[in-house]
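Those sequence lines, one after another, are chains A and B. Taking UniProt numbering, the leading residue of the first sequence gets 1, the next gets one more, and so forth. Taking UniProt numbering, the leading residue of the second sequence gets 1, the next gets one more, and so forth.
Check each hint, because a few of them may be wrong.
To spell it out: a stretch of chain A is covered by chain B in this simulated footprint if at least three of its residues, at any positions, have a beta carbon under 8 Å from a beta carbon of chain B; those stretches are [unchecked claim]:
{"id": "1", "stretch": "195 to 203"}
{"id": "2", "stretch": "251 to 263"}
{"id": "3", "stretch": "312 to 325"}
Each computed PhoX-like pair below joins lysine-lysine, with the alpha-carbon atoms no more than 25 Å apart [claimed, not checked]:
{"id": "4", "chain 1": "B", "residue 1": "Lys220", "chain 2": "A", "residue 2": "Lys220"}
{"id": "5", "chain 1": "A", "residue 1": "Lys349", "chain 2": "A", "residue 2": "Lys416"}
{"id": "6", "chain 1": "B", "residue 1": "Lys144", "chain 2": "A", "residue 2": "Lys220"}
{"id": "7", "chain 1": "B", "residue 1": "Lys107", "chain 2": "B", "residue 2": "Lys220"}
{"id": "8", "chain 1": "B", "residue 1": "Lys192", "chain 2": "A", "residue 2": "Lys144"}
{"id": "9", "chain 1": "A", "residue 1": "Lys144", "chain 2": "A", "residue 2": "Lys220"}
{"id": "10", "chain 1": "A", "residue 1": "Lys144", "chain 2": "A", "residue 2": "Lys107"}
{"id": "11", "chain 1": "B", "residue 1": "Lys416", "chain 2": "B", "residue 2": "Lys349"}
{"id": "12", "chain 1": "B", "residue 1": "Lys107", "chain 2": "B", "residue 2": "Lys144"}
Pulled from the structure, derived: some chain A residues nowhere near chain B, Cβ distances all over 12 Å [as the list claims (entries may be wrong)]:
{"id": "13", "residue": "Ala104"}
{"id": "14", "residue": "Ala170"}
{"id": "15", "residue": "His383"}
Keep in mind that the hints were calculated from the coordinates and are not lab data. Glycine included, C-beta positions come from ideal geometry on N, C-alpha and C.
Number of protein chains: 2
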Amino acid sequence: METAADLSLAPFLAEATALLGPRGLTRDADLVTPWLTDWRGRFTGTALALASPASTAEVAALVRLCAAHGVPIVPQGGNSGMSGGATPDASGRAILLSTRRMNAIPKLDSAARQVTCEAGVVLQTLHEAAEAQGLRFPLTLGGKGSATVGGLISTNAGGTQVLRHGSMRALVLGLEAVLPDGTVWSSLTPLKKDNRGFDLKQLFIGSEGTLGIVTAATLKLVPEVADRVVIWAGVPTIHAARALLLHCENAAGDALEGFEVLPQSCLEAVLDHVPGTRAPLAEPHAWHALIEVVADAAGADSLRDRAEAMIAAAFEAGLISDAVLSASEAQAEAFWLIRESIAPAERAKGPAMQHDISVPVERMPDFLDAAVPAVETAFPGTHAVGFGHLGDGNIHFHCIAPAGAVRGEWEAGTGKAISRMVHDMVTRWHGSISAEHGIGQLKHDELERLGDPAALALQRAVKGALDPLGIMNPGKLVSLAPISAKP
Amino acid sequence: METAADLSLAPFLAEATALLGPRGLTRDADLVTPWLTDWRGRFTGTALALASPASTAEVAALVRLCAAHGVPIVPQGGNSGMSGGATPDASGRAILLSTRRMNAIPKLDSAARQVTCEAGVVLQTLHEAAEAQGLRFPLTLGGKGSATVGGLISTNAGGTQVLRHGSMRALVLGLEAVLPDGTVWSSLTPLKKDNRGFDLKQLFIGSEGTLGIVTAATLKLVPEVADRVVIWAGVPTIHAARALLLHCENAAGDALEGFEVLPQSCLEAVLDHVPGTRAPLAEPHAWHALIEVVADAAGADSLRDRAEAMIAAAFEAGLISDAVLSASEAQAEAFWLIRESIAPAERAKGPAMQHDISVPVERMPDFLDAAVPAVETAFPGTHAVGFGHLGDGNIHFHCIAPAGAVRGEWEAGTGKAISRMVHDMVTRWHGSISAEHGIGQLKHDELERLGDPAALALQRAVKGALDPLGIMNPGKLVSLAPISAKP
Numbered sequence: 001m002e003t004a005a006d007l008s009l010a011p012f013l014a015e016a017t018a019l020l021g022p023r024g025l026t027r028d029a030d031l032v033t034p035w036l037t038d039w040r041g042r043f044t045g046t047a048l049a050l051a052s053p054a055s056t057a058e059v060a061a062l063v064r065l066c067a068a069h070g071v072p073i074v075p076q077g078g079n080s081g082m083s084g085g086a087t088p089d090a091s092g093r094a095i096l097l098s099t100r101r102m103n104a105i106p107k108l109d110s111a112a113r114q115v116t117c118e119a120g121v122v123l124q125t126l127h128e129a130a131e132a133q134g135l136r137f138p139l140t141l142g143g144k145g146s147a148t149v150g151g152l153i154s155t156n157a158g159g160t161q162v163l164r165h166g167s168m169r170a171l172v173l174g175l176e177a178v179l180p181d182g183t184v185w186s187s188l189t190p191l192k193k194d195n196r197g198f199d200l201k202q203l204f205i206g207s208e209g210t211l212g213i214v215t216a217a218t219l220k221l222v223p224e225v226a227d228r229v230v231i232w233a234g235v236p237t238i239h240a241a242r243a244l245l246l247h248c249e250n251a252a253g254d255a256l257e258g259f260e261v262l263p264q265s266c267l268e269a270v271l272d273h274v275p276g277t278r279a280p281l282a283e284p285h286a287w288h289a290l291i292e293v294v295a296d297a298a299g300a301d302s303l304r305d306r307a308e309a310m311i312a313a314a315f316e317a318g319l320i321s322d323a324v325l326s327a328s329e330a331q332a333e334a335f336w337l338i339r340e341s342i343a344p345a346e347r348a349k350g351p352a353m354q355h356d357i358s359v360p361v362e363r364m365p366d367f368l369d370a371a372v373p374a375v376e377t378a379f380p381g382t383h384a385v386g387f388g389h390l391g392d393g394n395i396h397f398h399c400i401a402p403a404g405a406v407r408g409e410w411e412a413g414t415g416k417a418i419s420r421m422v423h424d425m426v427t428r429w430h431g432s433i434s435a436e437h438g439i440g441q442l443k444h445d446e447l448e449r450l451g452d453p454a455a456l457a458l459q460r461a462v463k464g465a466l467d468p469l470g471i472m473n474p475g476k477l478v479s480l481a482p483i484s485a486k487p
Numbered sequence: 001m002e003t004a005a006d007l008s009l010a011p012f013l014a015e016a017t018a019l020l021g022p023r024g025l026t027r028d029a030d031l032v033t034p035w036l037t038d039w040r041g042r043f044t045g046t047a048l049a050l051a052s053p054a055s056t057a058e059v060a061a062l063v064r065l066c067a068a069h070g071v072p073i074v075p076q077g078g079n080s081g082m083s084g085g086a087t088p089d090a091s092g093r094a095i096l097l098s099t100r101r102m103n104a105i106p107k108l109d110s111a112a113r114q115v116t117c118e119a120g121v122v123l124q125t126l127h128e129a130a131e132a133q134g135l136r137f138p139l140t141l142g143g144k145g146s147a148t149v150g151g152l153i154s155t156n157a158g159g160t161q162v163l164r165h166g167s168m169r170a171l172v173l174g175l176e177a178v179l180p181d182g183t184v185w186s187s188l189t190p191l192k193k194d195n196r197g198f199d200l201k202q203l204f205i206g207s208e209g210t211l212g213i214v215t216a217a218t219l220k221l222v223p224e225v226a227d228r229v230v231i232w233a234g235v236p237t238i239h240a241a242r243a244l245l246l247h248c249e250n251a252a253g254d255a256l257e258g259f260e261v262l263p264q265s266c267l268e269a270v271l272d273h274v275p276g277t278r279a280p281l282a283e284p285h286a287w288h289a290l291i292e293v294v295a296d297a298a299g300a301d302s303l304r305d306r307a308e309a310m311i312a313a314a315f316e317a318g319l320i321s322d323a324v325l326s327a328s329e330a331q332a333e334a335f336w337l338i339r340e341s342i343a344p345a346e347r348a349k350g351p352a353m354q355h356d357i358s359v360p361v362e363r364m365p366d367f368l369d370a371a372v373p374a375v376e377t378a379f380p381g382t383h384a385v386g387f388g389h390l391g392d393g394n395i396h397f398h399c400i401a402p403a404g405a406v407r408g409e410w411e412a413g414t415g416k417a418i419s420r421m422v423h424d425m426v427t428r429w430h431g432s433i434s435a436e437h438g439i440g441q442l443k444h445d446e447l448e449r450l451g452d453p454a455a456l457a458l459q460r461a462v463k464g465a466l467d468p469l470g471i472m473n474p475g476k477l478v479s480l481a482p483i484s485a486k487p
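For reference, chain A alone in the conformation it holds in the complex (with noise of 0.2 Å):
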């Protein structure tokens, strides 16, 4: 059945599907709807089509369309993102906008360590294109087998490896993107030094698809990793391991590329939820540091008896109880692998509200100390922990319902009530209420109660000046000024 939008917009769809063919745009429903829901299946919504355009000048061709015609364009790559930004709103308005055809990696120039990709590549496919070189791309996460290049740029996204590398804002070195209006803007070619005045690209980065949409990148390499020495040391409190964190970036200096903690319940957690899964240290400790320090074929040799200097120097301070060095790939593995199976044990326990947040490195501990037992006292029955990227500054703070807690009806009250308290507590501490998964349509709401007026009214001013139609991935991470505030 055609509803009225359909009918009105028929003249756009004729256009658009002649534009870009029948594998360019679909209105399938069996081919469209696996796109409309998030990965987490928090956020649904519907569209008018998929766009699936194969070279950068069909997304310039396909957005004068949507500008003509006043269409929204809610852009996608590997729909892996963790706050809803790349699904569309329930209006059937939009066009979700895939990149995943335009997957070519034109150019990799080992020499320059430099690497130019489509906005559709695959960040696994990346990696791998990356080690046929003898070359690195120094961001990983979970979502790698589906997460594309213009994905990770348009969400800023971080990692376990932040620490030593940046986020995708520190390995972009040139960028390409059509404006709101069309007009493809290009900036392929890295200078590393350029002061021809703003440094546009980086209003391309992290700003989730509302200013433009990605189609190309060029991307830094590094050496590849020749070894590695993951070590998994046991601290009594938080403070300590802020105390560990400080001696390691002494110690090891670049050689540390990650620094990751958690306390002895989520590692019980893993160790209930993930069969093989073993504690790394044979008594508990309140709380577990990872700390992973690598060589590049020049200063491989002497790796291993840096990280046991380290160690020992460590424990010499005081600042560990125990600790214990991978032997090998297979127990650096093991290790990391307790990590990244907090998150999925944590969600096989019961409901649970999840909160990105940063605040400024040397404060995390005195916030969780202050921030856990404050969650706690409110909510009675509620569990409380922080886990994740100390060394940025950034925790994941999860929120477990008490038990018994039924989860949909939890979490639309007790759970966002807890949300408010956390998102009010990380703002009064100068922290972020996303610290690398973005606004999206999650924490729409939440960064226009709590942000700062000055830095809102900034972001509407570059939205409005740069998409003042309002059609790219609306309702996502910034508004339009109010009507009334327009010129």
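Fit chain B to the known structure of chain A by using the hints.
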């Protein structure tokens, strides 16, 4: 004598004086005039008054007042910029806003390796504050005795350590700015991860005061250098220098802090011009590379061995003709003195057009091979040399006038034609007509002539959104869109 402009602006001046007091606002020619000409003496303007606010609150109040009265503002730090970006135009309508009184360093957290500075802190002062804590601010340049933090940020300053540590943009962790309507936007507390939308601080880095006034920043510090080795190598061609760069990047990794090149003629100019300098190598070489490798305390013991091995391998691979490693800090400084003396030595020889250009790093040797004969053929008697930051793809390309050329006349005629030719070539090579010195008023028209139209339109859109009145540093970098294109 009061001018018409003075009379109509009398209420503004009265309010500004009441706001800032006699120390904060002056029209005394003896106090104002020294700041109306850039340090190179290439640009001179006039100003309604010199404002020297003492705090962010005073800056904000002054900007609100300027916005209300339509008075343009030219922000100025140390007045040591290279492109006239801090010099007002000749209209006399603008306020010159000096940040020099805002020179406090309210916080230096040595554990977190972060320092918060007001905008007027001089780079040399910042260096000393970091050194006092066993740390280092890893950006330096010739004007360090006058350049301010605010100016360095507004121009995204570079220097000789960009290869390892990046330009100013890479060192800014937090920022505070006064927006063109007088709003204070503050994000001084650094979060290593924060994905609440656009990275707004990027807007103010490198935008030359056209979007707002940087009033404070939190900057990254790094461990102090425990030891360094500076290597002077003779190489037969610029291509060999590039091969040597790749070799050193692979061999030294993050220890490689600098890689500069100069042709024999630049060395000779320095030896002629600077008393006490001597050639590091016995024989002349077509090109010379200056290579610095450094270590912090953890790596200092093995630094010299690693440097020697790196150079020995370069010899074996036939990459270098001769080389010497600094045997002392005095010798290291002597090598750097040669590099830093090139610009004044060339200036002393006679008129020259200087071009601060970049192309992709791997293409610079080919560019020089093409550009030098092209310029020398098109303009007989001209001598073209390139020297500088090969590791960044950033060369200072100087075109020296024939003997007997009259400075002003030659610069305005032949010199200008040479610059157009150089800029045309750089643009064809996908390079930048301003690698590190910015656009200011010096290259404003060239950017309009050669810039990518999509990039220029984006810059204008952002400028128009943030500064619709066009009061922030008018005539520099980016112009507002033509009136006809405004809504």
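**Q.** Earlier hints that do not hold, by number
**A.** 3, 6 and 14
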